[in-house]
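Construct the complete structure from the given sequences, taking the supplied hints into account.
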Amino acid sequence: MFANLVYRRTSLVVTPSIRIRSYISITTETEFANRKARVQENHEFYYPLVNDLRYGNGVQTLRIPEFRKKFEYYQFPNSSKKIDTLFSVCGKISSIRRAGKGMIFMDIIQDFTKLQLVIHHKMLNLNKEEFSNIHSEFRIGDHVSVIGFPGKTDVGELSLKANQRVKLAAPALHPLPPKLTDTAKINSLRVVDYLVNRKSQEIILARSKIISTIRKFLEDRQFVEVSTPIIANSGTGANATPFVTSSEHIKNDMLQPEPLQLRVAPELWLKKLIISGFDKVFEIGKVFRNEGIDSTHNPEFSTCEFYQTFTSLEELMNLTTDLFRSISTELLNAESLKLTHIQAKALQHEEFETLEFIPAIEEATGKKLPENLGVAELENYFKSINLEFPKVKSPAQFLDTLSSEYLEPQCAKPTFIYHQPAILSPLAKSTSIKYGDRQYDISRRFELFINGNEYVNAYEEENDPFSQNEKFKLQTRSKEKHQDEEALVPDYKYVTMMEWGMPPTGGWGIGIDRLTMLLTDSARVENVLTFGKLNDVLKH
1 MFANLVYRRT SLVVTPSIRI RSYISITTET EFANRKARVQ ENHEFYYPLV
51 NDLRYGNGVQ TLRIPEFRKK FEYYQFPNSS KKIDTLFSVC GKISSIRRAG
101 KGMIFMDIIQ DFTKLQLVIH HKMLNLNKEE FSNIHSEFRI GDHVSVIGFP
151 GKTDVGELSL KANQRVKLAA PALHPLPPKL TDTAKINSLR VVDYLVNRKS
201 QEIILARSKI ISTIRKFLED RQFVEVSTPI IANSGTGANA TPFVTSSEHI
251 KNDMLQPEPL QLRVAPELWL KKLIISGFDK VFEIGKVFRN EGIDSTHNPE
301 FSTCEFYQTF TSLEELMNLT TDLFRSISTE LLNAESLKLT HIQAKALQHE
351 EFETLEFIPA IEEATGKKLP ENLGVAELEN YFKSINLEFP KVKSPAQFLD
401 TLSSEYLEPQ CAKPTFIYHQ PAILSPLAKS TSIKYGDRQY DISRRFELFI
451 NGNEYVNAYE EENDPFSQNE KFKLQTRSKE KHQDEEALVP DYKYVTMMEW
501 GMPPTGGWGI GIDRLTMLLT DSARVENVLT FGKLNDVLKH
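Here full-length UniProt numbering is used: the first residue of the sequence shown is 1, the next is one more, and so on.
By construction, these hints were calculated from the structure, which means they are not laboratory data.
A hint or two may mislead.
The list that follows gives simulated cross-link-like pairs (lysine-lysine, DSS-like), each with its CA atoms no further than 30 Å apart [stated by the list, open to error]:
1. Lys473 / Lys286
2. Lys152 / Lys69
3. Lys199 / Lys413
4. Lys92 / Lys185
5. Lys128 / Lys81
6. Lys539 / Lys209
7. Lys114 / Lys92
8. Lys161 / Lys92
9. Lys92 / Lys179
10. Lys161 / Lys338
11. Lys286 / Lys413
12. Lys92 / Lys199
13. Lys209 / Lys199
14. Lys70 / Lys216
15. Lys367 / Lys391
16. Lys179 / Lys199
17. Lys114 / Lys82
18. Lys209 / Lys92
19. Lys70 / Lys161
20. Lys69 / Lys81
21. Lys209 / Lys338
So, in structure tokens, the structure goes:
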């Protein structure tokens, strides 16, 4: 055992093996090095089976949240402040407080819930010296199992009053730092970060709550959750660069490995299911884009997309508003979360505003857009408003620049930017609208912006295979003529599937990582990913 180790509050530091030396005392380094050596010599003894930690028939083992729920408001007898029924609990030691040689208070945590243990030498039928020798071994971070009587202390704190020695379930072999604040160390040591930074844990818990709320919201409306292919011979469905791979077991006609791609979006797969007769489908999952890494982008990220037949743009807006209110309410009502970011509160009641693309651009610039949204006309328009040309001179890039310059900055509050020009949305249903004396082809589409950032993209889907075919060809021409790498890669197999009959359909997508950033007030995307961005993952 560890009879020579003495508990010190100053031992809350990190091991030298992860090089946060500013927190480490030489005494602590030596103590934990000795502890690790002793455990290694007889490691089978220190990592018992779960059944070896049980206390036999008649003893009920509760998880700590269950224990608290059962006894938090229990009326204990005034004389003993406990009941004589035995229960056992398990957890990780988060603090140790000694009251002389004969008594110890421990806080243990399980399922993010804390419980106090009261351990007294008389309850264990030990003299003080024996008690001290046995229980001086325990350290913060140790996992333990204990049996005793539920009760309350004199100050009213719910506790388990041990009547047998505490059992060691797994020892901590490194001391913890009091806190990690250095961003580089947090990103490369996420395990330690979660152990010492409650906020880091809460962000991941909030993310889980966001995902479960989205899932429940859709399931309550009879959507069917599906899983579509992640690896295929095409990753189409969005304007993005795919990751390319191959399979050694799938050969092409030349007997070479078949080129494959990780999906950049599940959109076309989900719409094929709509064609197949699934009227309401959704998927929560990973997508991959072989593009840059920065504070808001990671090559691997999570999205939710849903599709519903006979659903209009206005109905999609209403669903979006209802979903955002549901998520905010669930987060704010979650007892396990202390995150109460102001944005979640605002989304519960704030009105969602609207900006119609072409009228809003004209109002912001003071000039009417040309009726023909070609490159030459848009170049002249940019000159007239003294706006710098985009790097790629395609109609889509000109129009996207206008949106980012004049519309998105207006979207501090939740705002739907809708009816974008059709050239911006090759998979969306389009129609013709007259603004003043000018006629424009626009898409039945909206994007939801909050604080200037996009969160939702939704539209009435193009269900005419002939129109979709022409839109794909237009994307190809734009790619070739303007070297626009953001033009959509056509999927003509999808067009063939459309010929079986695709009903009018509303489609909707959201980035879960970015939504979690918004609702947890996280400035960087790595904060909402369990092990950070891709370059952080490679360090683990």
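Each hint, compared with the structure:
| no. | hint | result |
| --- | --- | --- |
| 1 | Lys473 / Lys286 | holds, 28 Å |
| 2 | Lys152 / Lys69 | holds, 14 Å |
| 3 | Lys199 / Lys413 | holds, 26 Å |
| 4 | Lys92 / Lys185 | holds, 23 Å |
| 5 | Lys128 / Lys81 | holds, 23 Å |
| 6 | Lys539 / Lys209 | holds, 28 Å |
| 7 | Lys114 / Lys92 | holds, 9 Å |
| 8 | Lys161 / Lys92 | holds, 17 Å |
| 9 | Lys92 / Lys179 | holds, 17 Å |
| 10 | Lys161 / Lys338 | holds, 29 Å |
| 11 | Lys286 / Lys413 | holds, 28 Å |
| 12 | Lys92 / Lys199 | holds, 18 Å |
| 13 | Lys209 / Lys199 | holds, 15 Å |
| 14 | Lys70 / Lys216 | holds, 28 Å |
| 15 | Lys367 / Lys391 | holds, 23 Å |
| 16 | Lys179 / Lys199 | holds, 11 Å |
| 17 | Lys114 / Lys82 | holds, 19 Å |
| 18 | Lys209 / Lys92 | holds, 24 Å |
| 19 | Lys70 / Lys161 | holds, 16 Å |
| 20 | Lys69 / Lys81 | holds, 17 Å |
| 21 | Lys209 / Lys338 | holds, 13 Å |
No hint from the list above goes unmet by this structure.
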